[in-house]
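> Start from the sequences and build out the full structure, keeping to the hints where you can.
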Amino acid sequence: MTTQLPPGIQLEKVDDRIMTLNVGPQHPGSGHMRLIIKVDGDYIVSCDPDPGYVHRGEEKMAEYRNYIQNIPHLERPVIHDSSNILYPYCLATEELLGIEVPERAKYIRVIAAELNRCIYTLYWLAIYGIFLGHSTMFMWPAGDRELFIDLLEAMSGARVTHAYLVPGGVRNDLPANFEERCLRQVDYFEKRIKEYQAIFYKNPLLISRTEGTGVLSRTDAIRLGTTGSVLRASGVNFDIRKKEPYDVYENLDFETVVMKEGDSYARSYVPYLEMFESCRIIRDAIRKMPKSGSVRTKLKPNPKGGNDEVYKRVESGRGALGYYIVSNNRPEPYRVKISVGSFRNLICMPYLLKGELLGNMPAVYWSLNYWPVEADR
Amino acid sequence: MLKEFFNQETAPHATNVLVGKLGDILVRAVGKPLDYAINWGRIWSLWPVHLETACCSVEFGAASSPRYDVERFGIIEAFGSLRQCDLIVVMGTITRKMAPRLRMVYDQMPDPKYVIAMGACAITGGLYFDSYNVLPGIDGVLPVDIYVPGCPPRPETLIQGCMLLQEKIKRMKGA
Amino acid sequence: MHVTSGKNQADEGCIAMSSENEKDGQPSETAVASSEDDKSISKDETKSHEEKSTALSSDTPVSQRPVPQFEKSISDKIASKFGSKVSVDYVRANRIRVSTKKEDISDVAYFIRDELGYDHAESVSGVDYPDSKEIEVVYHLGSYTDEKLATQVLTLATRVPREEIPNPGKDSSRMTSLREVFYSVEFHERECFEMFGVYFEGHPDNRRLLLPEDWADIPPFRKDFKIKGR
Chain V
0 MTTQLPPGIQ
10 LEKVDDRIMT
20 LNVGPQHPGS
30 GHMRLIIKVD
40 GDYIVSCDPD
50 PGYVHRGEEK
60 MAEYRNYIQN
70 IPHLERPVIH
80 DSSNILYPYC
90 LATEELLGIE
100 VPERAKYIRV
110 IAAELNRCIY
120 TLYWLAIYGI
130 FLGHSTMFMW
140 PAGDRELFID
150 LLEAMSGARV
160 THAYLVPGGV
170 RNDLPANFEE
180 RCLRQVDYFE
190 KRIKEYQAIF
200 YKNPLLISRT
210 EGTGVLSRTD
220 AIRLGTTGSV
230 LRASGVNFDI
240 RKKEPYDVYE
250 NLDFETVVMK
260 EGDSYARSYV
270 PYLEMFESCR
280 IIRDAIRKMP
290 KSGSVRTKLK
300 PNPKGGNDEV
310 YKRVESGRGA
320 LGYYIVSNNR
330 PEPYRVKISV
340 GSFRNLICMP
350 YLLKGELLGN
360 MPAVYWSLNY
370 WPVEADR
Chain C
0 MLKEFFNQET
10 APHATNVLVG
20 KLGDILVRAV
30 GKPLDYAINW
40 GRIWSLWPVH
50 LETACCSVEF
60 GAASSPRYDV
70 ERFGIIEAFG
80 SLRQCDLIVV
90 MGTITRKMAP
100 RLRMVYDQMP
110 DPKYVIAMGA
120 CAITGGLYFD
130 SYNVLPGIDG
140 VLPVDIYVPG
150 CPPRPETLIQ
160 GCMLLQEKIK
170 RMKGA
Chain W
0 MHVTSGKNQA
10 DEGCIAMSSE
20 NEKDGQPSET
30 AVASSEDDKS
40 ISKDETKSHE
50 EKSTALSSDT
60 PVSQRPVPQF
70 EKSISDKIAS
80 KFGSKVSVDY
90 VRANRIRVST
100 KKEDISDVAY
110 FIRDELGYDH
120 AESVSGVDYP
130 DSKEIEVVYH
140 LGSYTDEKLA
150 TQVLTLATRV
160 PREEIPNPGK
170 DSSRMTSLRE
180 VFYSVEFHER
190 ECFEMFGVYF
200 EGHPDNRRLL
210 LPEDWADIPP
220 FRKDFKIKGR
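Protein chains in written order, with numbering that gives the first Met the number 0: chain V, 0 to 376; chain C, 0 to 174; chain W, 0 to 229.
Hints listed in this document are in silico derivations from the structure and should not be mistaken for laboratory results. Owing to the predicted nature of the structure, the values given are computational and were not obtained by experimental measurement. Built from N, CA and C at the ideal position, the CB exists for glycine as well. Just to be clear, a hint being listed does not mean it is correct.
[What the hints assert, rightly or not] Pulled a few chain C residues facing chain W out of the computed Cβ check, cut under 7 angstroms:
| # | residue |
| --- | --- |
| 1 | 70 |
| 2 | 95 |
| 3 | 96 |
| 4 | 131 |
[Claimed, not checked] To list a few chain V residues with every Cβ distance to chain C over 12 angstroms, as calculated:
| # | residue |
| --- | --- |
| 5 | 10 |
| 6 | 18 |
| 7 | 179 |
| 8 | 186 |
| 9 | 193 |
| 10 | 286 |
| 11 | 288 |
| 12 | 299 |
| 13 | 309 |
| 14 | 327 |
| 15 | 371 |
[Stated by the list, open to error] Just a sample of chain C residues kept apart from chain W, beta carbon distances all over 10 angstroms, derived:
| # | residue |
| --- | --- |
| 16 | 3 |
| 17 | 8 |
| 18 | 66 |
| 19 | 72 |
| 20 | 132 |
| 21 | 136 |
The structure is reproduced here in structure tokens:
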């Protein structure tokens, strides 16, 4: 006897040994996506990521809006890293429209981008802490990131969705006494994040769950085309801020953080060390910044792009972030493609989780520095 | 009246009537305080579902951070099962792929359950009003109790929304 | 029941920012100059803007940039190897664009990987051209291993035929997958398949990735797919 099944539901043949687990979209360790995991006992046999739960069609929407109207919705994929996701869009649009950016605006952009990178990394670290059952590591970074959110709120007026970078510069000048306040907060911030070493990175609980799990070798990291902290944790010295400096990064003093191990521990340690470099960049940029001057080049209303295409990339919190914009003499872009670090790192997931313990899945998954909303666009 | 109790045939019916009337009196006397007591328990232990749907989850995370600390108001950062939850905060955009899952999650929660629509996308579709993959608000999927506007709402706004929900629960029927 | 917080002035500012093109008298205490800027780009005030147009930047780049030497040497290598099979579209600082026929793309990709040292793909994007009935598939290639090529992004483009009524996977919009050459294109090509309907032959996993399971419309990034209200 066969019962009538509801449409869209299929019976699956049950294997005694291999079991299929749907991790997500409602799961404490999944984020906004689903991982279809097959387990044999406690070991993962295969993993098939199923993203797209937040696919909002940003690229299609961008074809119907002009270059200025595109700013607010293009920053929504990563609202806690909004300066960095707008950065390549501004660079690309400036090249298409032939706009020169004032010197002071370039420094302000770098400061905003680095502050935002810290905010992003701390949020990511907070979630990493709670994925591993470490509640203190949720509370500390989530509280400390409010310092830099305050700074960016003073700069732009909004808490997370700043829309601060615009083609031609930044939207408004820095508030009064910003430099002093920023330096003071950066000093305090650096003192705070040094304490994370003791409670998190030297914690035996973290070490036993992350050291040696999900090892990505150097050749594999290159072959899979990974980017950002995942790549640098596997021993490849590649940071777009150093290799292809945009705006004023070539004048600033910082170093690329590289680790050789390639396991989850290294992948979670690299973004943490990069926050110290971000602090260095902010201090240096404030010192070298011109003290006055214009911060925004005026655009014509409805600027047209010419018959051209451009590809610009920057280093965001999650790795390389590129915008490919094709224009055809219209105020709207003809095609916008956002090449995001999260989507490029997604490909690691099936390879790293194979043969791993199921309990280590959240530790490996979130160490990939993956933000599902950005990957889906 | 009393005779009916001693009559063999009418005694069961008369007993039933008496119990029913006593019950009415009891509900009137105890019901209101009981409602209050049950709702008081519900107000201070709202367990939200851990279902992130879009970027507003960043601000939801910030709301449970030390600065805003939504746990003061009894909204506990829940990492438990759906069977323990009685509040679902829809954090942002619902896409066509997510909508059936959202309904499935809601159906698995035990009664009573409350819905907060957080952010412009969950209310009307927001910035994504013309996107091909985004629902224009979640009203067609879930019955919403509280709308919290903003893109994304500040944590203070979310906290105020939660407090309004608590006010609403106070006036609801307990059982 | 709507919630309004007394403290969310910044949020209101955020919303006002979002509609930068509408006429907004957004109050800004911090900088007067910025609000002037906001007005100057708004659509409605075209007239007042034309008067001071001298200070504005032009729409298109004015001067042609000089051709950089290192990039020229790379493009020359490709051009001398394949001759008329490839065409070098432009050579700019750090960016080269090479386009080829879809039959030759595999050979060109092997040459780029083995001889020139590009080792990964950054993105695979499609561009729809309904007028010429073609879909362009664009690969952005980069290199991690070669120190000199770190700044370079090589754009490899090809065109596949486009059909009026698409039938993804079964019509003539198909090309050879580059997954054998650049392993990292796997998910990018899957995305391109569902968004444009270009079938990649030899790709092991041409399944749906981002769109809902019950998507029954034409691939959404084609130009003839109109979004609502537009």
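> None of the hints should be skipped; say for each whether it holds.
Verification of the hints:
no., hint, verdict
1, 70, "violated, 19 angstroms"
2, 95, "holds, 5 angstroms"
3, 96, "holds, 4 angstroms"
4, 131, "holds, 5 angstroms"
5, 10, "holds, 18 angstroms"
6, 18, "holds, 19 angstroms"
7, 179, "holds, 22 angstroms"
8, 186, "holds, 20 angstroms"
9, 193, "holds, 19 angstroms"
10, 286, "holds, 30 angstroms"
11, 288, "holds, 29 angstroms"
12, 299, "holds, 25 angstroms"
13, 309, "holds, 25 angstroms"
14, 327, "holds, 21 angstroms"
15, 371, "violated, 8 angstroms"
16, 3, "holds, 52 angstroms"
17, 8, "holds, 56 angstroms"
18, 66, "holds, 13 angstroms"
19, 72, "holds, 14 angstroms"
20, 132, "violated, 7 angstroms"
21, 136, "holds, 14 angstroms"
In this structure, the earlier hints numbered 1, 15, 20 are contradicted, and the remaining ones agree with it.
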